[in-house]
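Novice: So the sequences go chain by chain: A and B.
Just so you know, we're using the numbering used here here: the first sequence kicks off at 1289 and counts up by one.
Just so you know, we're using the numbering used here here: the second sequence kicks off at 1289 and counts up by one.
None of these hints come from the bench; they were simulated from the model.
Relax, there's no trap hidden among the hints.
Computed, partial: chain B to chain A, Cβ under 8 Å:
#1 Arg1410
#2 Leu1413
#3 Leu1422
#4 Arg1423
#5 Lys1444
#6 Leu1449
#7 Ser1452
#8 His1453
#9 Ile1459
#10 Val1463
#11 Val1466
#12 Pro1468
#13 Leu1469
#14 Ala1472
#15 Met1480
Listed below are the simulated DSSO-like cross-link pairs for lysine-lysine, each with C-alpha atoms no more than 27 Å apart in a straight line:
#16 B:Lys1331 / B:Lys1465
#17 B:Lys1444 / B:Lys1433
#18 A:Lys1465 / B:Lys1465
#19 B:Lys1331 / A:Lys1465
#20 B:Lys1433 / A:Lys1465
#21 A:Lys1331 / B:Lys1331
#22 B:Lys1444 / A:Lys1465
Derived coverage of chain A by chain B (criterion: at least 3 residues anywhere in the stretch with Cβ under 8 Å from a Cβ of chain B; other residues may be distant):
#23 1403-1414
#24 1418-1431
#25 1439-1448
#26 1458-1468
#27 1481-1491
Note that CB positions come from ideal geometry on N, CA and C, so glycine has one too.
Protein chains: 2
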Amino acid sequence: MTDPTAPRRRGRPARKEAAEGPGARERILEAARTEFAERGYDKTTVRGIARAADVDAALVHHYFGTKDEVFAAAIEVSFEPSLVVPVILGQGTDGIGERLARFFIGVWENPATRGPLLAIIRSALTHDAAATVLRGFLLRRLLEKIAGELDVPDPKFRAELAASHMIGIAILRYVIKVEPLASADPETIVEMVAPTLQRYLTEA
Amino acid sequence: MTDPTAPRRRGRPARKEAAEGPGARERILEAARTEFAERGYDKTTVRGIARAADVDAALVHHYFGTKDEVFAAAIEVSFEPSLVVPVILGQGTDGIGERLARFFIGVWENPATRGPLLAIIRSALTHDAAATVLRGFLLRRLLEKIAGELDVPDPKFRAELAASHMIGIAILRYVIKVEPLASADPETIVEMVAPTLQRYLTEA
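Between the sequences and the hints, there should be enough to build the whole structure, so can you do that?
Specialist: The structure is reproduced here in C-alpha cells:
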C-alpha cells in the first residue's frame, strides 16, 4: 500500500509511526500551533516545531512538507472546517446568520482557539506567504463550501462580506481592544451582527 | 509666548523652523508615514525618520515626542479626522451608511493613503504599543465624535461594529486578497455594505 520511494507523502507511515510513537502527527500540529502563535510566522521553523513535538524534523517534512504546508495544516486544525461547515449549514439557511455569529464568537472567546487564530491573522497580515496560505484555505475549504449552499447572486462575494465583518470584530475586540466592544457580552454582539450576516447570506 | 525651558513642545518653534527650513514638520510626518509603511513599527526609529526627512532627530522629538507619539501623529494625518468627520456627519444621519462606506473605500482605493493605513493596521496587530496608540486614536478622535451624533442606544458600540466591518473588508480585500472581493467594483461593495452601516448607526 505504501510506496517508500515517494519523496513526500501525507498518509500514515506505519513504520515511522511505530518509531515515533502514536499521536506524533497530532503532537506536531499542536506544536506548530503553539510555535506559530508564540514566535510568529517569521521565526517559526520546521526544526523548532519538531523539537517542540519531540520528533525528528524529517517526520514533520514527511507528514506535512514545507513550513507553509505545516502552517496550512495548523490553520485547518484551528478552523476545523469539518466541524464548522455542518454547524453553520446543517440546518439550512434559516437562522444561518445567528449560528454563524455565535459559532465564530465562541471560537474567539475560547482561549485555546483564540491564540492560534490571532497567530494566523497576524502572520497573514505581515507575510505574503502566510496570506497566500490563508487565502487558499479560506476560499477552498470554508467560503466556497458555505457559498455553495447559498441561494443568492454572487454567493462567494456575500460569504466574503460576512467573513470580513467577523474578522474585523475579532480584530477590534481581541487585538485593538476598543471599548465598549472589547467588554461587550458575546450575546449582545451576536444579536446585533446576526441580521447583517443573514442579509448577506440569504437576501437577494 | 514660547517657553524655551519646556522639555518638549508641539508648537511651531520659530528659531528651529528657520534653521530647518519651512515645512520641516510636514516633511517629518511624510517621512514617518513612509518609514512605518515600509519598515514596520518595530524597525522604524526616530533617527531613521529624521534622516529620511533630512532633519536632526532632536527636531522630531521636539515636534512630536517619542516614537509612539510620532506614530500617533502619522495615524492622524492618514485618517485626517478633521476631514472624515464632516464628510460623514455633515449631512446628518440620513444616508450616513452610504457616505461612510464610500469614504472608507475611497481612502483604501487611493494608493497614497492605502500604504500608511496598512502599516498602521499591521503595526497595531503585531505590537501592543501601536495597538494602544491606534485604540486611543480611534476612540477619542473618530468613533466618539461619530457616536456623539447618533441617536441610538449604545452609540459607541454601534460605531465600533460599523468600523469593524470596514476594517475587515480592508483586510480581506487589500491584504489577504480573497476573490471575488479583491476585484469587486467599489460601488458594488458600497451598495451591499451601506445598509449594514446605516442599520448599526441609526436603527434602534
